[in-house]
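Trainee: So you can see what is in the structure, the chains are spelled out below.
Number of protein chains: 2
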Amino acid sequence: MQIKVVANVLKANRDVASENRALLKELGIKVVNLISSPGAGKTTLLERTIADLKEELPLAVIEGDLMTTRDGERIGRHGVPVVQINTGGGCHLDAAMVKKALEELPLKEIKLLIIENVGNLVCPSSFDLGEDEKVVIISVPEGDDKPAKYPVTFRRTRLCLLNKIDLLPYSNFNVDNFYRDVRALNPEMKVLQVSALTGEGMEAWYNYLRGLVQSN
Amino acid sequence: MQIKVVANVLKANRDVASENRALLKELGIKVVNLISSPGAGKTTLLERTIADLKEELPLAVIEGDLMTTRDGERIGRHGVPVVQINTGGGCHLDAAMVKKALEELPLKEIKLLIIENVGNLVCPSSFDLGEDEKVVIISVPEGDDKPAKYPVTFRRTRLCLLNKIDLLPYSNFNVDNFYRDVRALNPEMKVLQVSALTGEGMEAWYNYLRGLVQSN
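Residue numbers (the numbering used here), protein chains in the order written: chain A, 75 to 290; chain B, 75 to 290.
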């Protein structure tokens with residue numbers, strides 16, 4: 075009984091996600107759904123990305139949080155359109171929330187939409203929002219064992235950003251073990267090592283976004 | 075309709091949690107439920123706690139993970155009873171899972187049970203397991219904004235361990251802002267600064283556990 079309800083929720087979500095996807099495709103907007111634990115650095119990564127790319131690549135942001143508009147305000151300061159979704163306790167965004175947020179964005183003026191999901195490495199990967207790509211962010215201080223422990227998210231994404239590499243010297247994170255575990259779960263997964271704080275490695279991430287926007 | 079189902083799930087969970095609590099109280103066992111994001115250092119903290127306290131304080135561990143028995147194996151090496159629960163994708167432990175795990179533990183030989191919940195700062199705080207205390211762990215690299223962004227967990231706990239304080243020099247974590255936000259949500263909250271890696275501050279955490287076990 076409980077499982078049946080969950081299945082219906084997921085089915086209803088998929089239907090709305092398909093509507094979002096059709097609308098965004100028609101407008102030629104590419105969409106990335108950022109998934110990570112709390113504190114892996116999604117917002118800082120976004121801030122630097124916006125500062126470096128906004129002149130070249132018209133973009134907007136949807137910010138997902140349980141509560142507060144802190145992250146939306148951080149993004150808004152960079153002068154790009156942003157809508158904050160507060161789930162009021164829900165641990166992930168769903169397609170209906172995104173659908174409503176799309177109504178508030180100047181869709182005709184943008185080419186890239188970045189959705190920052192609620193900080194949670196579990197549930198967000200089960201809810202399609204209508205995105206083109208899910209991107210998972212893992213930060214060095216979380217430890218190299220995260221792929222094996224949160225396999226579903228790694229199986230459902232094709233790009234992983236390994237963030238906070240500036241902290242590698244102060245950590246026992248084993249990069250080889252991390253890559254081995256990621257590849258065991260998902261041989262197609264691409265990993266980019268970045269530091270949103272220092273900027274190291276960010277150019278490869280920007281090239282990924284440029285390629286996505288130029289793709290058909 | 076969906077809300078009704080969720081309410082029923084929570085009610086059913088509370089009933090089983092009450093059974094767990096009654097059983098554990100009868101046996102004189104105190105129970106701590108550790109809640110944090112993935113990678114905040116729960117298992118490392120537990121390993122050091124066990125190594126330092128196991129001769130003095132007979133304890134056992136229930137390990138919650140989506141998949142893998144890695145953490146259970148890490149704890150088992152320290153020679154204390156441990157049961158691993160794999161939720162198979164579920165993002166939190168529930169009271170029924172803990173009830174089954176209790177059947178596998180030598181309850182007559184222990185005074186303290188530590189439950190390491192699934193790595194998730196959202197859902198675990200809504201599911202009573204029958205514990206005496208929930209303890210939330212935040213690690214420095216996650217950022218000082220976590221209390222405001224995950225308020226429910228902070229309202230439902232009375233102790234916060236601020237872990238990985240050895241990384242404070244390499245981070246922009248503002249300890250004053252963190253304390254201010256924690257106290258705004260929960261004036262009763264006690265915060266202990268620790269590093270499970272270096273051992274700094276751990277004695278205060280051990281004193282907390284000693285006090286809990288000695289309490290009525």
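Possibly wrong hints are sitting among the right ones.
[Claimed, not checked] Covered by chain A, per the in silico footprint, the following chain B stretches (three or more residues, Cβ under 8 Å):
| hint | region |
| --- | --- |
| 1 | 88 to 98 |
| 2 | 136 to 142 |
| 3 | 195 to 206 |
| 4 | 218 to 227 |
[What the hints assert, rightly or not] Here are a few chain B residues that sit away from chain A, every Cβ distance over 12 Å (derived from the structure):
| hint | residue |
| --- | --- |
| 5 | G115 |
| 6 | D145 |
| 7 | H166 |
| 8 | K182 |
| 9 | E183 |
| 10 | I212 |
| 11 | V214 |
| 12 | R232 |
| 13 | D240 |
| 14 | L241 |
| 15 | Y244 |
| 16 | R257 |
[As the list claims (entries may be wrong)] Just the calculated beta-carbon pair ranges, DEER-fashion:
| hint | chain 1 | residue 1 | chain 2 | residue 2 | range |
| --- | --- | --- | --- | --- | --- |
| 17 | B | L259 | A | A125 | 19 to 25 Å |
| 18 | A | K128 | B | N281 | 33 to 39 Å |
| 19 | B | A125 | A | K99 | 52 to 58 Å |
| 20 | A | K128 | B | A170 | 45 to 51 Å |
| 21 | A | A125 | B | A125 | 56 to 62 Å |
Read the hints as simulated data drawn from the structure, not as lab findings. For every residue, glycine included, the Cβ atom is placed at its ideal position computed from N, Cα and C.
Trainee: Going through the numbered hints above, which ones does this structure break? Give me the numbers in ascending order.
Mentor: 1, 5, 6, 7, 10, 11, 13, 14, 15, 17, 18, 21
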